[in-house]
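> Full structure from sequences and hints, please.
Chains as they are written, first to last, in this note's numbering: chain A, 922 to 1475; chain B, 5 to 164.
Just so you know, the hints here were simulated from the structure itself, not pulled from any lab data.
All clues stand as given, with none of them false.
Looking from chain B toward chain A, a few residues come up when the C-beta cut is under 8 Å (computed):
{"#": "1", "residue": "24"}
{"#": "2", "residue": "28"}
{"#": "3", "residue": "44"}
{"#": "4", "residue": "106"}
{"#": "5", "residue": "128"}
{"#": "6", "residue": "153"}
These figures come from a predicted structure and were not determined experimentally.
From the three backbone atoms N, C-alpha and C, an ideal C-beta is built for every residue, glycine too.
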Amino acid sequence: MATVSTEINPQLRTVHRLTAAFIAVALVSLAIANVPALFQAFDRAGFNLYPYARPVIRTYYQGLTIHGVLNVLVWTIFFLSGFFPFVTVYALGRPLASMRLGWIAFWVMLGGLVLAAIPIFANTATVLYTFYAPLQASPAYYIGLTLVVVGTWLIGLDILLTWRAWRRENPGRVTPLAVFGTLATYALWTIASIGLAVEMLFLLIPWSLGIVDTVDPLLARTLFWFTGHPIVYFWLLPAYVSWYAMIPRLAGGRLFSEPMARLAFLFFVLYSIPVGLHHQFSDPGIGGGIKLLHTFMTFAVFFPSLLTYFNVSASIETAARLHGGTGWVKWVRNLPWGNPAFTGQVMGMFLFVPGGISGLTNASYNVNQAIHNTTWVVGHFHLTVGGAVTLTFMATTYWLIPYLTGRALWGRRLAVAQPIIFFVGMAMWSETMHRLGLESIPRRTYLSQAPWFENEWGLNRILLLIGGPTMFVAGVLYFVIIIMTLVASREPARVEVPLARPGEEGSHEQVPKLLDSWRPWLIGSVVLIAIAYLPVFTHLLRNISSVPGFAGIW
Amino acid sequence: MINRKTLLELGWILPSIAIPVGMLVAVIVSAFGMMIHVPSDEGTILPAAIDSTPPFDQPGVLRQVGPNQYEVAIVAQIWVFNPREIRVPAGAEVTFVATSRDVIHGLDIEGTNVNVMLIPGRITRQNAIFKEPGVYRFVCHEYCGAGHHLMFGQIIVEEP
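If you want it as structure tokens, here you go:
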């Protein structure tokens, strides 16, 4: 693989420290959360390890809060906040519009994280990452999480300014796909996060500070899910950017269809927000008709993922055939399986297929009642965010950390095995969680201590007992590889940023104008949100039912 | 211009639209043909007024509302269901009217379509038909504090 550093504008390197800072925080969070993750897995298998975690983790539910917040919120959001500015800078070939804004965002987010982590570890915010009112956490928890969201807006703003500067410098050029996907992600996230911002600023923060005495739990919950579903696309789309803009290069080919890729990103802008009620099918106080409408919308947001399955698979197959691959299946041998950055992401894609399908079950109105709030849902999002997103981010660090540090990846063969081990553990564990969900086993419940749960020895318990620790081992291996790369690797890194070179990325002339513009899609998004949510919020605001909070009942 | 690539793309896109549409039709048929619905809006209630508001003033009392049709109220609170046990005759269609006295709870009755949220300030209604005699466990499935996992009860379906 040729180094391309000689062609690269040295000003681009200014983003390296910012990216490294965000990814360092993400990795520390992932490492910490790996421990309660193991405790959770043992609890499901009937072994209560939590007594051994005292006094650091006092209860099962505190451990679950740590695992949830650090893994699903911090690991993902801090990683992508470092990844997206890096991608933007390298795909546009110009530095960020404002490094200062990027660093302000970092310190705001880190400050928010520390502020939220203090009550979590002090056991005064054991409300899980969904923080459903009227469970009332310490105000620092809500304020801290809000600051993290504010930081994501600043990063989005910096990327927007960078793109606008690039357009002034390059009139008439089509935005590169990687940046197009990045902008789509921030467009949907900025609109979506308004729900959470309103919930925090107008309901939870004043209430937790004692300025108001009561809160409407259903209104808070509905605002939460306005953001809470699209936030999964905030986590997922950086993986999609990598699959579309980087996997073809890693596989040694080019993207199969760039217009189709752009269409997929634009579909997320249109449909990722007006779908939140599919988390609230079982809620009282909201009509059945509008819930069914959200089912329709959720099925529409499945479509771009179907496009992605096809386009990314076709790109990988095309690359294999360019390298001499033949036959119906034999071509898979002509792929760079020895490159952990490639293998890890493909393992993530494999997990995403069943994860996407079980998501359709969740979204299917009345069918949801078979699995709502059961371990099925946990199985589902561990395949998507815990599997596809996490493996893609880990695999990305296998090229990104060597690129940033100039040190070759330590233990390359181990790094190829690591995502495969994780895949096997996750497949066993999450398949079992899906099946237990069909038997009405509730999620987020201290199962090893539940008097009604007879945890008989059988296939399920064995699969959970093997699958969970297998993932933990894969997690430990990951950190061994990363730490050894940082401290023990002496070889210089010979990696490139796996973005398509100009002129390689599909063919820009073929991108229709509509697929390189924003206005019609943003208007469409706002119209769909209005159709899906105006009736809900109007109804809720006319039927406010507020209740007092409950703090410290954990 | 239809080339091989466009054909491949269309060959994927069209089924990608047709399959979800087919699944939606199945959902609509099950909802409106078989009348399997999710909870809807059943109004509000002040948690402080639960004990004096019918039907929550008599939780667990089975009231007949039609031929083999019954209604029963359940009040959830940390960390117990009131009542913890409900006896119904086999074949009965039972409507559960439930709410929460404090934080958000859940009610999931195994083997039925009753899988609902109980939100303080709101009333939840959902019904189930108990065809087979036996014991049906119900649990709280939303995290509600330290004793969440201790919150359960059972429905005993008796031979009529």
